[in-house]
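Asker: For reference, the chains in residue letters:
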Amino acid sequence: MQFTINGETRTVEPDIRASLLDVLREHVGLTGTKKGCDHGQCGACTVLVNGRRINSCLTLAVMHQDDDILTIEGLGSADNLHPMQAAFVKHDGYQCGYCTPGQICSAVGMLDEVSKGWPSHVTDKLDSVSLSGDEISERMSGNLCRCAAYPNIVDAISEVSGLAPAKKEAADA
Amino acid sequence: MKTFAYSRADSPEAAVAAGGRFIAGGTNLLDLMKLQIETPESLVDISRLDLAKIEQREDGGLTIGALVPNSDLAADPRVIEGYPVLSRALLAGASGQLRNKASTGGNLLQRTRCYYFYDKATACNKREPGTGCSAIGGVNRILAILGTSEHCIATHPSDMAVAMRALDATIVTLKADGDRRRIAIGEFYRLPGDTPHIENVLEAGELITHVELPTPPKGEQIYRKVRDRASYAFALVSVAGIVSVEDGKIASASLAFGGLGPMPWRDPAVEAALVGQAPSDAVFGAAADALLKNAKGYGTNDFKIPLTRRTLIASLRELTGVSA
Chain V
1 MQFTINGETR TVEPDIRASL LDVLREHVGL TGTKKGCDHG QCGACTVLVN
51 GRRINSCLTL AVMHQDDDIL TIEGLGSADN LHPMQAAFVK HDGYQCGYCT
101 PGQICSAVGM LDEVSKGWPS HVTDKLDSVS LSGDEISERM SGNLCRCAAY
151 PNIVDAISEV SGLAPAKKEA ADA
Chain Y
1001 MKTFAYSRAD SPEAAVAAGG RFIAGGTNLL DLMKLQIETP ESLVDISRLD
1051 LAKIEQREDG GLTIGALVPN SDLAADPRVI EGYPVLSRAL LAGASGQLRN
1101 KASTGGNLLQ RTRCYYFYDK ATACNKREPG TGCSAIGGVN RILAILGTSE
1151 HCIATHPSDM AVAMRALDAT IVTLKADGDR RRIAIGEFYR LPGDTPHIEN
1201 VLEAGELITH VELPTPPKGE QIYRKVRDRA SYAFALVSVA GIVSVEDGKI
1251 ASASLAFGGL GPMPWRDPAV EAALVGQAPS DAVFGAAADA LLKNAKGYGT
1301 NDFKIPLTRR TLIASLRELT GVSA
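First to last, the sequence lines map onto chains V and Y.
Per our numbering: the first sequence = residues 1 to 173.
Per our numbering: the second sequence = residues 1001 to 1324.
Treat the hints with care, as some may be off.
[Unchecked claim] Below, simulated BS3-like cross-link-like pairs (lysine-lysine); rule was C-alpha separation at most 25 Å, straight line:
| # | chain 1 | residue 1 | chain 2 | residue 2 |
| --- | --- | --- | --- | --- |
| 1 | Y | K1249 | Y | K1053 |
| 2 | Y | K1034 | Y | K1120 |
| 3 | Y | K1053 | V | K35 |
| 4 | Y | K1053 | V | K116 |
| 5 | Y | K1120 | V | K35 |
| 6 | V | K35 | Y | K1034 |
| 7 | Y | K1218 | V | K125 |
FYI, nobody ran anything at the bench for these hints, they're computed from the structure.
All chains should be built: construct the whole structure from the sequences, respecting the hints.
Answerer: Written out as structure tokens, the structure reads:
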């Protein structure tokens, strides 16, 4: 099977049953993407496929041979952090870090959804979307953090989105 | 996971001719395959078929391709404008990642999240016909109070399908023999009876290709969902409501319910109790009486009966502008 992962073509021969997550981790060696629940409940495995965030554990790799797959390794590097990665560092948006790659990929996909005007469950008027702390929390509900770094994750995403992290500013004032 | 033969279909006709289990988004099917609750021998990948468009028909209704992802359907301006109950229902379900993958057709065919259906150490007539139902007499707080049988009390988990039931959607299919058919959503799902493993009227190899919505209905539309946490949880009770009021009286009402039964639930008696009446709590209470006349609790889900009553009344207050 041939895949396009982080802009590179990779050819591997996994079992037909392999999830996209298992191919990334076990066959391609990209272990940044994490296996949490393996049932689509925790979001640790979130990657971007054709720009959309999905749970890589709940999809067969064989179904993604023509797709553009982006993982945390393709988003940025230690020397050249993606703005979302930099914001997570700045705002301490993690403790153990296990959910972090999924959180960051999900946040990048989520902000793209907002920029397209997609509403959420907490959007008051469906045709008028504007980001807020509540919107970020709702839109990120598919990513669990068992260290409960949620307030700092929301702050990090707020900064990248251009929203001022209200809580921090109030504390600094 | 049991292994399977895999093929990718290049047309709906080729997909039904292939004679395997269809996979589109896969978010529910693969979850169940990992647990070996579903063990298809062959998977036919339909995800690349040209069925991912939403089109306005000349009659003013919408035709939704079966592969339109839940995210795209919820955000479509025509859906937001004419069918906000559908957008709201979709956005109340699952997570952003899942909605990006889950398809319209697959959402209709979701399996129950009954704990015992998922637990292979227990008896379940839906998973293994004839073994019994562990949910009756077990922990059943998330399970059904309407339409149950002595063999199964599972609920249908979809939010989207509840809105589609209120909207009188039609499901368009392609059968294995090449014939097409149109199935009203009210006739699509089956009560469990003594065959709870058969959940709808699709024949072997029959493929959902589209869902049609009629012209946008008159009146207000809401989707109210009550669940154990504020996001990313299945409904304990949900109401998809469409109500119009003219000259101080309810002119039309369409109400469908999630979390209560083995299918998105709709009862003409509820609507009959409302239409022609001036909206009031007494009228709303009569509608709740009609809905819950045959409701049956199984112990830990008894609370759903009063919860449903209150949720319906709150929904009707919002839809008609009547305050408590």
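Asker: Give a verdict on every hint.
Answerer: Hint check results:
Restraint check for K1249 of chain Y and K1053 of chain Y: not satisfied, since their Cα atoms lie roughly 38 Å apart, outside the 25 Å limit. A threshold of 25 Å between alpha carbons decides the hint, and for K1034 of chain Y with K1120 of chain Y the separation of about 12 Å falls inside it, so the pair holds. Under the criterion of a C-alpha separation no larger than 25 Å, the hint pairing K1053 of chain Y with K35 of chain V is inconsistent with the structure, at around 33 Å. Between K1053 of chain Y and K116 of chain V the alpha-carbon distance is near 17 Å, which keeps this suggested pair within the 25 Å criterion.
With a CA separation close to 23 Å, the supplied pair K1120 of chain Y and K35 of chain V stays within the 25 Å bound. Straight-line distance between C-alpha atoms of K35 of chain V and K1034 of chain Y comes to about 14 Å, which keeps the hinted pair within the 25 Å bound. A threshold of 25 Å between alpha carbons decides the hint, and for K1218 of chain Y with K125 of chain V the separation of about 19 Å falls inside it, so the pair holds.
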